[in-house]
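Model the placement of chain B with the ligands on the given structure of chain A, informed by the hints.
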Amino acid sequence: MKVVTLLKVTPDTETKFQINSAGTDIAEDSSIEYIIGPYDEYGVEAAIQIKEKLGGEVISVTIGSGNEEKSIRKAMAMGVDSGILINNADLKSSDPLSIAKAIKEVVEPLNADIIICGKLATDTSDSFIGPALAALMNIPVISEISSLEVTEEGVVATRDAAGRKERFESKFPVILTADKGLNEPRYPKLPMIMKAKKKPLDKKDTAGTEIRKNVTQVKAEFPATKSAGKKITGTPDELVSELVTGLTTKEKIL
Amino acid sequence: MSIAVFLESYNGKLVKAAKEAIGVAKSIGSDVFGIAIDNNVDAVIEEAGKLGLSTVKAAAGITIYHPAMYSRIIFNAAKDADVVIFPGTVWGREISPQVCVKMDATPVSDIIKVVDASTFKRSLHGNKIHATVKAEGKIVLTVRAGIFDVPELGDGTANREEITSEVAEGDAMIKLAEILASSSDRVELTEADIIVSGGRGIGEATNFKLIEDLATELGAAVGASRAIVDAGMRPHSEQVGQTGKFVAPKLYIAVGISGAIQHLAGMSSSETIVAINKDEEAPIFKIADYGLVGDLFEVMPKLIEAVKAAKKSA
Ligand SMILES: Cc1cc2nc3c(=O)[nH]c(=O)nc-3n(C[C@H](O)[C@H](O)[C@H](O)COP(=O)(O)OP(=O)(O)OC[C@H]3O[C@@H](n4cnc5c(N)ncnc54)[C@H](O)[C@@H]3O)c2cc1C
Ligand SMILES: Nc1ncnc2c1ncn2[C@@H]1O[C@H](COP(=O)(O)O)[C@@H](O)[C@H]1O
Numbered sequence: 000m001k002v003v004t005l006l007k008v009t010p011d012t013e014t015k016f017q018i019n020s021a022g023t024d025i026a027e028d029s030s031i032e033y034i035i036g037p038y039d040e041y042g043v044e045a046a047i048q049i050k051e052k053l054g055g056e057v058i059s060v061t062i063g064s065g066n067e068e069k070s071i072r073k074a075m076a077m078g079v080d081s082g083i084l085i086n087n088a089d090l091k092s093s094d095p096l097s098i099a100k101a102i103k104e105v106v107e108p109l110n111a112d113i114i115i116c117g118k119l120a121t122d123t124s125d126s127f128i129g130p131a132l133a134a135l136m137n138i139p140v141i142s143e144i145s146s147l148e149v150t151e152e153g154v155v156a157t158r159d160a161a162g163r164k165e166r167f168e169s170k171f172p173v174i175l176t177a178d179k180g181l182n183e184p185r186y187p188k189l190p191m192i193m194k195a196k197k198k199p200l201d202k203k204d205t206a207g208t209e210i211r212k213n214v215t216q217v218k219a220e221f222p223a224t225k226s227a228g229k230k231i232t233g234t235p236d237e238l239v240s241e242l243v244t245g246l247t248t249k250e251k252i253l
Numbered sequence: 000m001s002i003a004v005f006l007e008s009y010n011g012k013l014v015k016a017a018k019e020a021i022g023v024a025k026s027i028g029s030d031v032f033g034i035a036i037d038n039n040v041d042a043v044i045e046e047a048g049k050l051g052l053s054t055v056k057a058a059a060g061i062t063i064y065h066p067a068m069y070s071r072i073i074f075n076a077a078k079d080a081d082v083v084i085f086p087g088t089v090w091g092r093e094i095s096p097q098v099c100v101k102m103d104a105t106p107v108s109d110i111i112k113v114v115d116a117s118t119f120k121r122s123l124h125g126n127k128i129h130a131t132v133k134a135e136g137k138i139v140l141t142v143r144a145g146i147f148d149v150p151e152l153g154d155g156t157a158n159r160e161e162i163t164s165e166v167a168e169g170d171a172m173i174k175l176a177e178i179l180a181s182s183s184d185r186v187e188l189t190e191a192d193i194i195v196s197g198g199r200g201i202g203e204a205t206n207f208k209l210i211e212d213l214a215t216e217l218g219a220a221v222g223a224s225r226a227i228v229d230a231g232m233r234p235h236s237e238q239v240g241q242t243g244k245f246v247a248p249k250l251y252i253a254v255g256i257s258g259a260i261q262h263l264a265g266m267s268s269s270e271t272i273v274a275i276n277k278d279e280e281a282p283i284f285k286i287a288d289y290g291l292v293g294d295l296f297e298v299m300p301k302l303i304e305a306v307k308a309a310k311k312s313a
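Top line first, the protein sequences correspond to chains A and B. Positions 0 to 253 (numbering that gives the first Met the number 0) are the ones given, in order, by the first sequence. Positions 0 to 313 (numbering that gives the first Met the number 0) are the ones given, in order, by the second sequence.
No lab work stands behind these hints, which were simulated from the structure alone. Note that the structure is predicted; figures quoted are calculated from it, not measured. Fair warning: there could be bad hints in the mix.
[What the hints assert, rightly or not] Computed, partial: chain A to chain B, Cβ under 7 Å: (1) Ala26; (2) Pro95; (3) Pro130; (4) Gly162; (5) Arg166; (6) Ser169; (7) Lys170; (8) Thr215; (9) Thr232; (10) Gly245.
All C-beta atoms, glycine included, are put in the ideal place defined by N, C-alpha and C.
Next comes chain A alone, as it looks inside the complex (with noise of 0.2 Å):
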């Protein structure tokens, strides 16, 4: 089975963001740690899994802008083989589907079976790129699973859409999207970390494709805090009876 896991390295949601100083992003500043973001985290775990029940490879496809490789050996270290790192800023921000096109063209040669990725990117939560890259490939896709099962035939995987469980079916390749449910990622072991320093990774500076940037961030800002809360003490009674009046008589919910 050969298994492409797509890692986008995000800055920790963590990070106490401060705003550049035009206004436009968050300061590109040393505070901010680069890490893989949960979801990702998700689907390379399911890729490994794969890897040891059916035997084959897992290699990770990320675009990047220069603080990736770290990410990468971290995954590496929980099992990924092998890595393709184009590192190119201006893709990097560019629009999603200029994204979406280089993976494609660095993704595509290499046959996978199945291609997972994050639900989505915590940066930028466009959740694009898995549904976008299957319909460039023209290849199925099942969004947001947090369950997976594997055989030669094919996948099944289940997820939860408005309050339903859907399961589905595919044939290879396929495309699948990681949720949280899907599995508890593994950390990486000592042994591991010292053997991944030395795996392969793949690094160039353009997919080849072409460069669109039709999508321009003109303002980033912290959101309002909502206005201060009030709290109210008494006795349970009179906790309940404030609290009921001011659903029924201001807020009308009641």
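Same frame as chain A, now just chain B with the ligands:
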């Protein structure tokens, strides 16, 4: 400017996020049409008419969701539109990129505000940053669910235009094999006007009955913090927050939830927030409109009774 909106429905009923998407479409321009695919498409067209659409392009007789087929049908119906709008649902997020590729359009995902027909606000980095983006060319939008208002119901009717669907090579590669109805008959989190959520303060799984009983009285959906999802007390589908669901109901009641930033990321846009917590310093109180400082085991039973009584007298 022509605007298309995907009227996601299930068994003849529009999902709430699709109604919100209609509202977004109408706020961008007046030349709006809907695209419906359903086994009971007449009911969907009727509902869309009442929500103010005058034209619905409809594909009838499709009994099961198929991502590639849906994408094709919507592309065929929407390809001449300037803006195509999708609800922020699993289906919407799965189909919209495929339609965007076919149209070679510009994607703008997960918008939280319309500034003008080509300028939108988005939420980035786990809702820590809000960004304003300007898009060029034809645009394919997805709209974050739970943020925008549903248009008011009127007595309009929509004209129906037939669209056809054919099976294509490759469709057989994948199928939706089974739909398991949700285990409860409760409203779904992202559809709900009222949500009652429980956190670690409830202590044990069996105490969650307090949350469920209040939800039942209020006709509400049930949510949970990550702490109790990770503890295996509730399914992940109920998790609210950065790595769970994003919700913005009319009323959100957080019971025994501290209000960590990742939880707030998923619910702080709710219209009215109620918190019940015994720790006066809990961060949830910073955003609660009604912050009840007290022991949930004392407050909840009384609250359930009071809601019962209030409903009777209403
Ligand atoms: C990357 C990342 C993503 C995350 N994503 C999410 C997410 O999506 N959703 C999410 O919820 N969390 C998320 N978290 C976890 C988050 O940081 C918190 O750990 C979690 O929200 C805490 O849950 P809690 O409020 O239920 O528990 P606690 O923080 O333990 O709070 C329990 C509260 O209950 C109160 N309490 C206890 N007993 C009583 C009583 N008898 N009566 C009244 N009050 C009582 C306590 O005072 C306390 O405030 C994420 C964390 C990380 C690092
Ligand atoms: N620059 C990138 N390089 C590699 N993979 C990416 C990149 N951007 C997005 N992806 C993958 O696509 C998923 C969805 O990202 P997005 O569509 O940006 O929300 C991510 O979780 C990654 O797996």
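Status of the hints after comparison with the structure:
no.: 1; hint: Ala26; verdict: violated (11 Å)
no.: 2; hint: Pro95; verdict: holds (5 Å)
no.: 3; hint: Pro130; verdict: holds (4 Å)
no.: 4; hint: Gly162; verdict: holds (3 Å)
no.: 5; hint: Arg166; verdict: holds (4 Å)
no.: 6; hint: Ser169; verdict: holds (4 Å)
no.: 7; hint: Lys170; verdict: holds (5 Å)
no.: 8; hint: Thr215; verdict: holds (5 Å)
no.: 9; hint: Thr232; verdict: holds (5 Å)
no.: 10; hint: Gly245; verdict: holds (6 Å)
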